Structure formats: structure tokens, C-alpha cells
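Undergrad: The chain contents come next:
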Amino acid sequence: MTMNPPLPERAAQVSDAIAASSTEPGAPPKSMWRLGLQVFLANRLAIVGLVVVVLFLLFCFVGPFVHHTEQLRTDLAQANQPPGAAHILGTDDVGYDEFGRLMVGGQSSLEIGIAAAVMATLVGTLWGAIAGYLGGFVDAVMMRVVDTLLAIPGLFLLLLLVAIFTPSTGLLIVVIAFGAWLTPARLVRGETLSLRTREYVQAAKMMGGGNRRAILKHITPNAIGTIVVNATFQVADAILIVAALSFLGLGVPPPHADWGNMLSDGTAFTQNGYWWMILPPGLAIVLVVVAFNFLGDALRDAFEVRLRRR
Amino acid sequence: MITYLVRRVLQSVLVVVLVSLVTFTLLHLLPGGPARAILGPRATQSQLQQFVVQNNYDKPLFVQFGLWFNGLLHGNLGYSYKLNENVSSLIVDRLPKTLVLMALSIVVALIIAIPLGVYQARKRNTVGDYLLTGFSFVFYAMPSFLLALLLIILFSFDLPWFSPEAPQSDSLTAILADGKALVLPVATLALITIAAFSRYTRSSVMENLTQDYVRTAAANGAADGRIIVVHVMRNAMIPVVTLLGLSLPALFAGALIVESVFNYPGMGFLFWQEAVVRDYPVLLGVTLVVAVATVVGSLLADIAYAALDPRVKYT
Numbered sequence: 001m002t003m004n005p006p007l008p009e010r011a012a013q014v015s016d017a018i019a020a021s022s023t024e025p026g027a028p029p030k031s032m033w034r035l036g037l038q039v040f041l042a043n044r045l046a047i048v049g050l051v052v053v054v055l056f057l058l059f060c061f062v063g064p065f066v067h068h069t070e071q072l073r074t075d076l077a078q079a080n081q082p083p084g085a086a087h088i089l090g091t092d093d094v095g096y097d098e099f100g101r102l103m104v105g106g107q108s109s110l111e112i113g114i115a116a117a118v119m120a121t122l123v124g125t126l127w128g129a130i131a132g133y134l135g136g137f138v139d140a141v142m143m144r145v146v147d148t149l150l151a152i153p154g155l156f157l158l159l160l161l162v163a164i165f166t167p168s169t170g171l172l173i174v175v176i177a178f179g180a181w182l183t184p185a186r187l188v189r190g191e192t193l194s195l196r197t198r199e200y201v202q203a204a205k206m207m208g209g210g211n212r213r214a215i216l217k218h219i220t221p222n223a224i225g226t227i228v229v230n231a232t233f234q235v236a237d238a239i240l241i242v243a244a245l246s247f248l249g250l251g252v253p254p255p256h257a258d259w260g261n262m263l264s265d266g267t268a269f270t271q272n273g274y275w276w277m278i279l280p281p282g283l284a285i286v287l288v289v290v291a292f293n294f295l296g297d298a299l300r301d302a303f304e305v306r307l308r309r310r
Numbered sequence: 001m002i003t004y005l006v007r008r009v010l011q012s013v014l015v016v017v018l019v020s021l022v023t024f025t026l027l028h029l030l031p032g033g034p035a036r037a038i039l040g041p042r043a044t045q046s047q048l049q050q051f052v053v054q055n056n057y058d059k060p061l062f063v064q065f066g067l068w069f070n071g072l073l074h075g076n077l078g079y080s081y082k083l084n085e086n087v088s089s090l091i092v093d094r095l096p097k098t099l100v101l102m103a104l105s106i107v108v109a110l111i112i113a114i115p116l117g118v119y120q121a122r123k124r125n126t127v128g129d130y131l132l133t134g135f136s137f138v139f140y141a142m143p144s145f146l147l148a149l150l151l152i153i154l155f156s157f158d159l160p161w162f163s164p165e166a167p168q169s170d171s172l173t174a175i176l177a178d179g180k181a182l183v184l185p186v187a188t189l190a191l192i193t194i195a196a197f198s199r200y201t202r203s204s205v206m207e208n209l210t211q212d213y214v215r216t217a218a219a220n221g222a223a224d225g226r227i228i229v230v231h232v233m234r235n236a237m238i239p240v241v242t243l244l245g246l247s248l249p250a251l252f253a254g255a256l257i258v259e260s261v262f263n264y265p266g267m268g269f270l271f272w273q274e275a276v277v278r279d280y281p282v283l284l285g286v287t288l289v290v291a292v293a294t295v296v297g298s299l300l301a302d303i304a305y306a307a308l309d310p311r312v313k314y315t
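The listed protein sequences correspond, in order, to chains A and B. Position 37, counted from 1, in the first sequence is what this note's numbering calls 37; the numbers after and before it change by one each time, with no gaps. Position 243, counted from 1, in the second sequence is what this note's numbering calls 243; the numbers after and before it change by one each time, with no gaps.
Since the hints were derived computationally from the structure, they do not count as laboratory data. These numbers were taken from a predicted model, which means no experiment stands behind them. We put the beta carbon where it would ideally sit given N, CA and C, even for glycine. Just so you know, nobody snuck in bad clues.
Examples of chain A residues toward chain B, derived with CB under 7 Å:
(1) Ala151
(2) Ile152
(3) Pro153
(4) Phe156
(5) Leu159
(6) Leu160
(7) Ala163
(8) Leu240
(9) Ala243
(10) Phe247
(11) Ile278
(12) Ile285
(13) Val286
(14) Val290
Bound-form chain A, shown alone:
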């Protein structure tokens, strides 16, 4: 998804936002962050994305306190009920309330997705910054590691790892992060190659600052745009991957639910027309992933403005 170019209609919005913010004479100059925020807020899709993400977070993490459902004991007498007064979205094949399960399942999907993205971003950023900053032999070795792991299609590597180490929530986070840190590593390395030649980095070096200081205090903060934008896309990707692993029966282990294994449970009943077991979790995945992609696109525009004004 990072290959999508910024849309032209958005570029027009961006320049409008800049024009609106810079034409008042005598007004105090606006900070880069303020300017970025303005562009972000001027983007309607970004607001939609943000609202959807917040709504889903509330739905999954606060929802269970408001809408109590039994998600531990099965109730076979109530199995396969279509949506109705007692169960808003019906029940699944062992009698769990689908609406409540959507909340609980969403917790796993979002937790794993976000945690894996954060972990991948942290590791990838450090790896890329160190490789790019040190350069030479270290860089060559570190980037060949990245190339090698990138050559193995992600899903195969993940399934292999999950088959070797029995999956648990924690392990899934680590495994998904392990497959995902390569992209931020590459991006940050690219950025670092240009940042390390900047005057302020050179100055910090002259004044006796060590490598660690340069990387943590000067390089990484200045690559923050790339890092944050990529992290947002990483969340979307990670949510899709968890769902795929769970769908294949090698993700979140039962009795825990997540959107992927809810869908996989529903698959058995496609022929019976039990749509309420398939559409809600499917729609939830698509909505959240689209929302994170919108956010990522908008953040990219916002950070681009900061760079352009420099």
C-alpha cells in the first residue's frame, strides 16, 4: 500500500491548506507541527479514518462493559440463531453471541496488529538508522540480512514460524513483527543516508557526540515522518496478517476469538446461508484496514507539507 502515489485531488487540498495558513499578514508564523495538523484536518478521508479507528477501539474495548454477553461458556441450545431481539447479530455454532464476540475478537485483532506494528517499527527504525549511519561493511551486512528475509514471502515464513513455535498472543506479535520490520528498516536506512550528511549531524559529531547520540537524537527524530506513516500502514498490514493466520487455523489459539478465526468458523456454514457469521467480522476487518490506510495517506501528506515548508 505504500506504493500508492499521493492522489492529485489531495495535492490540491494540501496547497489550499498551505495558502490558507500563510496568507494572513502579521500573523505569527505557524510551527511545522501546526501546519501538518492543519493539512491533516483539511483531509476529509483522514477524519473518516480517524473516526472509524476511534469507534472501533471504543466498540472493542469499552463495548463489552456496556453490552454484556457470555463469551466463556458455550450454549448449544442457542447455537446458529439468526439475528434477532435476543442476539443483535445472532449466535455462532456453539452459541456465542456474535455481536459480543465481534468486540472480544476485535480486541485480539487490534492488540496484536498495533503491538506488532509498534515492535516492527522500533526494530526496523533502529536497524535502518544504524546501518545507514555507520555505512560501509556494517551497512552491507545488515542490509543483506534484510534482503534475505524479504526474499521469503511473508506468509510462508510466518506459517513456518508459527508451526515451529506454538502460537500464543505474545508469540504472534513477535512473529508478525519479525516479518514486518524489514520495510521500515529499508525506508529509514534510505532516509539516514541523506540525513547523516546534514550539517547538524556533522556538527554534533565535531562536538564529540558519539554514534549513539547522533542516531537517537538527530537521525531518528528527523526521519519521524517516514517512520510514523509507515507504522500506520504496518498496523493495517498486521491486522490482515493476523486474520489470515487465524483463518488458516494457525493464529490466535482457541478459545480466544479474533476476527480471522470467527470468519473461519463461519466458513463451515456458507452453504447454510448463515451470513451473520461471515459478513460482520469480514466487514470489521475491511473497515479497520481501510481506515488505517486513509490515516497513513493523510499523515504522509501532512509530513510532506512540513518538509516542503522547510
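Put chain B on the given structure of chain A with help from the hints.
TA: Leaving out everything else, chain B in the frame of chain A:
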């Protein structure tokens, strides 16, 4: 150009060797060591011992790697005790089926995505363009298994047009002959690919439309259609070649899921089945083969790119 090619090939060879090193490392990370993991919990001590000696697991690690890598070069990918078959012959049997599925989907995807992208580039920022952009966002975010399920519900159960199951034959020709059963798997894989391809074509065509040669052609009186087909497409399609190479890992992953949903007898389906029962030799062998295919694929894409675009000077 020659230096570039040589360097690129050497790089690929290095990556392939490193990938095999990763696989080798994973083999030794198997729970309880390779012998226990492959022979299973009921193997006796003497069976384990025999397995260790037979597979050189008692030798120093680097010697093991050398012997193992030498085996790879001779097509020895290990033995599946669960399926009682050589991993390499399993792969030789299954890989072509996966490649056929992928190739068909790529062709279908390109046939649809390129005209769509061109249309969007020419009619940019119109309702049609927005609508198609919206669709590609949704398809981009849609898990392939959900799409597969929806297609099965719609076109197999609600409208009984196609089979919900892929062709089940062992022979490739029989699979290809059963076109009706291939429709849904190919459609699923193609649809998730179209989103990215059409976005890419759209931006590539748009970029080319601003070039001087387009203005020159227009000034010479060339019709719009001719400018697009004769002038712009030739240049705009070059980056799509790179995209094909880059999307190979995603296509393999997509094939795995599509094959699993539709019971298509390809390598991805094999991988999934053996992942569930933890048949490690098959998992490691297939991972290695898929990685090598990816490396070779992107190498070919790079070479094609260099050959197609004379503007690019490599040193």
C-alpha cells in the same frame, strides 16, 4: 549494462545462499532438535540416533551446512515421513499447478487493470475515477479469504454458475480443461491484484501524459487514442514490469490462501496442510523453493526493465 547484470546476478546468488542458511538455521530451531521434530514423539532413542547419523547431524555445524547445501544443489530437499515421499518430488508435482494459477491470475489482472488505469488517468478526478479509486481501496483492504468466500456465496450458492471447489485432478492438463472450476480461484487472486496494478498504471500514465513527447504528438495532429496506445503505453508499461517482479511474494501468499479456500492441489495448499500437521521437511523445502522463485522472479523483472528502458544507464 553487462556489469550491472553480472552484479545483479551475483547479488541474487548471495541472497539464495543466505536464504538457504536461514532455512538451515530454522531446521536446527525445531522443537527438540531436527531428529525429534521430524521423527515425532514416539520415535525410539535408537531411531533418533540412526537419523542423526544418516543426516550428518553429528558433524560440526559448518560441515553439516556444506553437506546440506550440496544436497540442495542436487535436488535433495529432504524427506517427508508424514507423506512418505521426497520433498523435491512433491514440489515438482505441485509447483507447476501453483505457477499456472498465478500466471492465469496475472494475465486476467493485467487485462483488466491496464485499461482501468488508463481510463482513470484520462478521466482523473471525475466520478468514475473516484468510484474506481474507492473500489481499489476496498479490494486492497479485503483479505483474500473473505473475497473468496463472498465469491463462493454469490456465484456458487446464490447463483449456481461456478463450482465452489477448484479442479481436483492430479494432472495439469485436466486442471486446465476444467475451466469452469478455475473461474473463482483465478478471479479471487486476480481481483486482489487488480487494485495495486490499476493504481500503478494510473499514476504511470498520468506522469507520462505530462511529458513533452505527448505535446509534440498532439501538435502533430495525433488523435487522443493514438497518443495513448502508441506513445504513452509503451513508456508507461515499463514500471509495471517492475511491479510484477515486486508483487511475486504477495502473489505466492495470495495463492496459498486461495488454494486453501478452494482446495486447489497446488504448492500453497500443500504447505498449509503440512503446516497444520507440522511436517517440517515439507515446510522448509517449500519455503526455500518459494524464496528462490521470488529472487529469480525479481531478477528477471530487473533484467527486463534494463532491457526495455534504454534511458536507464547502469554502471
